[in-house]
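As you go down the protein sequences, you meet chains A and B in turn. Under my numbering, the residue at position 26 of the first sequence is numbered 40, and the numbers go up by one with no gaps. Under my numbering, the residue at position 17 of the second sequence is numbered 866, and the numbers go up by one with no gaps.
Treat the hints with care, as some may be off.
[Stated by the list, open to error] Partial chain A-side listing against chain B, Cβ under 7 Å, derived:
{"id": "1", "residue": "Ile-18"}
{"id": "2", "residue": "Pro-20"}
{"id": "3", "residue": "Val-73"}
{"id": "4", "residue": "Glu-77"}
{"id": "5", "residue": "Arg-81"}
{"id": "6", "residue": "Glu-82"}
{"id": "7", "residue": "Tyr-83"}
{"id": "8", "residue": "Gly-84"}
{"id": "9", "residue": "Lys-266"}
{"id": "10", "residue": "Arg-269"}
{"id": "11", "residue": "Ala-270"}
{"id": "12", "residue": "Leu-273"}
Note that these hints are calculated values from the structure, not bench results. By construction, the Cβ of each residue, glycine as well, lies at the ideal position given by its N, Cα and C atoms.
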Amino acid sequence: MLRISPEEIVETLLMVHQQHLDIRTVTLGISIADCGADTADEMGRRLYEKVAHAAERLVPVCEAIEREYGIPIRNKRISVSPVAAVAGRCARDDLTAVAVAMDRAASTAGVDFIGGFSALVHKGVGAADDALIRSIPSALAATERVCSSVNVASTRAGINMDAVARMAHTVKEAAALTAEADSVGCAKLVVFANMVEDNPFMAGAVHGAGEADAVINVGISGPGVVRAIIEALPGDADLTAVAEAIKATSFKITRAGELVAREAARRLGVAMGIVDLSLAPTPAEGDSVAEILEAMGVERCGAPGTTTALALLNDAVKKGGAMGTSSIGGLSGAFIPVSEDAGMVRAVTDGALNLEKLEAMTAVCSVGLDMIAIPGDTPAETIAGIISDACAIGVINNKTTAARLIPAVGKVAGDHVSWGGLLGAAPVMDVSRWSSAKLINRGGRMPAPLGSLRN
Amino acid sequence: MKTRAIVSVLGADRVGIVAAISAALAEQGVNIEDIRQTILSEVFSMTMLVTIDEDTHPFEDVHARLATVADELGMQVTLQREDVFRFMHRV
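Take these sequences, add in the hints, and give me the full structure.
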């Protein structure tokens, strides 16, 4: 007997073919704990061998799952242990050679990005962390697929303001070294507060210290599906009904992710890690988080009410998703990257959305200041101020926040930059002309916040 | 290994759709367990519950054969494992 109704079958097909339902990423996390060596070259050789071997079946297995279940898996990716955690023995070397080996391993495995050229420095910078951060600009310029992330703050440690300032300079150097490509290096570099250990999404994916040797983490998608469900509601449906509809859809999207995660882990013979409930947009028309907010009722993303709509969306996605999987993890919050979301780009172009509103939106969703092009001559101290503001929201509110800013060399506010593919294109956004230099130059650490008096 | 799957067929109505799809399935040793079919404003829509014997005819082969029929008929034909629907639509 057909236990599934034809309507449910048609609904599923529509979700895939018209509303862009897909699995955004299947990310294989691989421990490189055994790849340390006395030189960066040797570490790179060991890393290449390990990763290329461990990931050789990832792409064919994902492609088979796509065909059999009829749900596209948009990206197959790899994350490795934070390189700085393994690079202690070669900390006197420039670590670019390690990044080049990661790039080669990703290419051999047929994946578009590999994450983990990373360090955690929220309390202090060790010798290997120092070497890694020093190598980031050249590593991002010398590679195509390597993503880098640095955790500079946590709720338990506060904000390492020296590290924030240093990362601001690193961002500028990365921009300068890739100036001819609209400073694309910075699109692969993210600065975190409360970085998570099981994030499947780039640029922030790393294979955390608490993980098994190899693990499958899956990131769901489906902004188009959520928007379609809201648009199908009566125009006067109240927000409770909107939340209800989002929850029901989120359940279905999450189940698709759970199924793919289980199958991929089983076929690869590795542990199933988590399903990340983040709604992730792409530059494709209709696959936009901004357009969901607009379907809910703000004329343009960024108008007053946008933070409310986003908060409702983010919470309803989690509530529906929580019924769909018992392995929620990663970032699990809506993404609002500017260049990767056609609706966000339109909102910026139309003057509806600015950096300050994006910062407010960060408070109620995931990794807020994401893929934002800013003028190339923005002072490093201003960039540090923007990063530390994002961190402060994360640290105080016990959540992950991050900044991925691209100070595009030679560009001014209103210019356009384009990186192609999933990274998209964006207008260069205006930044405050008021200086943050005195605050940033004080350095030191913003102490960890008190956790009990929560008003 | 027996795998339950759903075949869905969508497109402009014409003579011989059911015949062509069932012939291709029979050729691949696929058993049809249930069929629902309807025509809505001249759009032909059919869903079939089938069992594939993967020991003799791998999923990939059935998939490829149906893709050929889809091209010949000029219709959208999809083959998906049944679990995906159970997973997505049942709590």
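Verification of the supplied hints:
1. The beta carbon of Ile-18(A) comes within 4 Å of a beta carbon in chain B, closer than 7 Å, and the hint placing it at the interface holds.
2. Annotation: Pro-20(A) was flagged as interfacial toward chain B, and the flag holds, the nearest CB pair being 5 Å apart, inside 7 Å.
3. With 7 Å as the threshold, the beta carbon of Val-73(A) stays out of range of chain B, its nearest partner Cβ sitting at about 16 Å, so the hint is violated.
4. Annotation: Glu-77(A) was flagged as interfacial toward chain B, and the flag is violated, the nearest CB pair being 11 Å apart, outside 7 Å.
5. For Arg-81(A), the interface hint holds, since its Cβ comes within 7 Å of a Cβ in chain B; the closest pair sits about 6 Å apart.
6. Nearest Cβ of chain B to the Cβ of Glu-82(A): about 5 Å, under the 7 Å cut. The hint holds.
7. At a threshold of 7 Å, the smallest CB-CB gap from Tyr-83(A) to chain B is about 5 Å, leaving the interface hint in force.
8. Of the supplied interface hints, the one on Gly-84(A) holds, with its beta-carbon coming within about 4 Å of a beta-carbon of chain B, less than 7 Å.
9. Checking Lys-266(A) against chain B: minimum C-beta separation of about 5 Å stays under 7 Å; hint holds.
10. The criterion of a C-beta within 7 Å of any C-beta in chain B is met by Arg-269(A), whose closest approach is roughly 4 Å, and the hint holds.
11. Below 7 Å, beta-carbon pairs count as interface contacts, and Ala-270(A) has one with chain B at about 6 Å; its hint therefore holds.
12. At about 5 Å, the closest approach between the beta carbon of Leu-273(A) and any beta carbon in chain B falls short of 7 Å, and the interface hint on this residue holds.
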